Amino acid sequence: MSTVATFEIRHDRILGPDGKLEGEAPPFARDRDKLVALYRWMVLTRAFDAKAVALQRTGRLGTFASSIGQEAVNIGVADAMAPEDVLLPSFREHGAQLVRGVTMRELLVYWGGDERGSDFAGPREDFPVCIPVGTHAPHAAGVALAFKLRNEARVAVCIFGDGATSRGDVYEAMNVAGVWALPVVFISNNNQWAISVPRKAQTAAETLAQKAIAAGFEGRQVDGNDIVAVRQATAEALDKARRGGGPTLIEALTYRLGDHTTVDDASRYRDDEEVGRRWKEEPIARLRTHLAAAHGWGKAEEEALIAACAAEVEEATEAYLTTEPEPPEAMFDHMYEELPAELVRQRAALLGQE
Amino acid sequence: MARRRVKSETSAGTGELTLVEAVQRALARAMEEDETVILLGEDIGVDGGVFRATDGLIARFGADRVRDTPLAEALIGGLPVGLAAMGFRPVAEIQFMGFIYPVLDQIVNHAARLRNRTRGRLSCPMVLRAPYGGGIHAPEHHSESMEAMFAHIPGLRVVIPSSPAKAYGLLLAAIRDPDPVIFLEPKRVYRATREAVVDEGSALPLDRCFTVRDGADVTLVSWGAMLKETLEAAEMLAGDGVEAEVLDVATLKPLDMETILESVRKTGRCIIVHEAPLTGGFGAEIAARLAGEGLMHLVAPVERVAGWDTVMPLLRLEGQYMPSPQRIVAAVRRVLEYA
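Sequences listed follow chains B and D, in order. For the first sequence, our numbering assigns the number 11 to the initial residue and increments by one for each residue that follows. For the second sequence, our numbering assigns the number 46 to the initial residue and increments by one for each residue that follows.
In case anyone wonders, no lab produced these hints; they're calculated from the structure. Values in this document were obtained by computation on a predicted structure and should not be read as measured data. There's no promise every hint is true.
What the hints assert, rightly or not - If you anchor each label on the Cβ, the simulated ranges turn out as follows: (1) D:PRO199 with B:GLY178: 22 to 32 Å; (2) D:PRO199 with B:PRO93: 43 to 53 Å; (3) D:PRO199 with B:VAL189: 29 to 39 Å; (4) D:THR324 with B:GLU352: 20 to 30 Å; (5) B:ALA351 with D:PRO184: 38 to 48 Å.
For glycine and all other residues, C-beta sits at the position ideal for the given N, C-alpha and C.
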């Protein structure tokens, strides 16, 4: 017998649950302004999530998937990206989209049932959310191939959940990314639950990160509630991809503190005790503890930041609620670059013009 | 399968080409005129594709633009979506109809929707090529005709050439089109016939039915490989003094109903011929439209001559599955009985 292959999966945590930096921290982890900026994005995202759920509960938004508890993955990943990179999110990456320049109003417009919410004014080449789980992974490979063919130092960043790693398309995308050494970073936002199916029932693999090993490239794991580790691992993967080093899969271990969506009731399948325990590890409190201990973050600053985020969310909500609906014919107007005659006829029929 | 070398120059000129050679010429022409055209698929590189539709193209355009993918059909459907959104014009090949189903997810959920769901911010100018249909004694899962499935999907164009010249012109149009196009190639016709093809980069319209035979007594509507049986039936009928008008639908979606109606206004009778199973086949759409818009012009019921509602048989029985000229003639005789 001889061993022909072995693998190791590294796990990184830089900011521990007690809010203390462990081991070697990257320079940005000692930069108060940077940490406050990251903290602000996370707080804003949580305020946005809470507002969106409230809007849904009061009949003013469609079904919504809250990202509560997963802010560090969202913000850490997107903050590490360059503006010219392309984000391909799943449907629970509001924070990442906000950092990329998608507005809260646009997100609300989309989740409120209006396609214009995906016509981002900011990141024009970022993909819209992907609802069919994992089906956007091949798109990320295609985007990355486009960059590679044009010799552009840009990277595609694809975020999907733990459940998506069971899907064939995710493997097909990772596999080709490995073969062609594509500039793509896959992020598995492992929140432990695919609706009601826990991580352990999803795969017998010890880590999701190791699925990259089969595709021939690096898979690594980070504490997904540690924004420093998430941002650093993503930055390293982006840098590698930009230099022609090919893809990376980062498994970020976090937890879905909320229901799957506003039409889900997680108490049907998981214990409150587990959720309560996980609340003690959540990412925002962790960074706040660190800011307070290491950078003198105080009550006044905290209150001012929370008030500012709340005001921003209110302003976006107002802008959303006063957005006029599209005229009905809008459903036809972007089906093709040029509307075929049959659709011209149907469009007229919709408008009662025939 | 016999290996045939195809001349890989696309110098302008007229040549007698087979349909698969015409496909290769159109691909080469498109790649020459537009460097964003990228080919993707299994065995399309050095091997030139299982039917040799991409023969010689890797030598001319390089492995960056003629890319052998891993054996992964969902990827072959999804990768072009990312490429197209970033400004490329990918042309993906699926080897046989039976392997196209993993691609459907990508086509239905993404390719066909991207423009609409981003309100025009991103679009998907991709072409998905696949051979379809029976009659070449291929193995199981190789011979189906599932065009109606694609024609049902909003946001697509569905194109089926019937001849080398149509394959050349329609494929060029498909590649130049700003929206996703499903391009189904009748593999029974790949090498069955040669036709003069002017390789000068002229495209054919993607919203037009073609009248391939004039006649005043009955309209025969067909597409792809079935044009052969349909034209044979028309010749048999002509021997008896019945002149059939034969239409090649060519682009199923969007459907040029006007040309069909114009013919039926003249003939009053219509037979639709397709190889796909009868129920829910694309003939049903045409028949329904005739029953509406065309009713006042009809003097006889519309008939469909189609594949049976069975699983496509393996090679020993496929001849009995495919609509024959005799079945078409019999249908015409039935509708001619109505005064």
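For each hint given before, does the structure comply? Return the numbers of the non-compliant ones in rising order. 2
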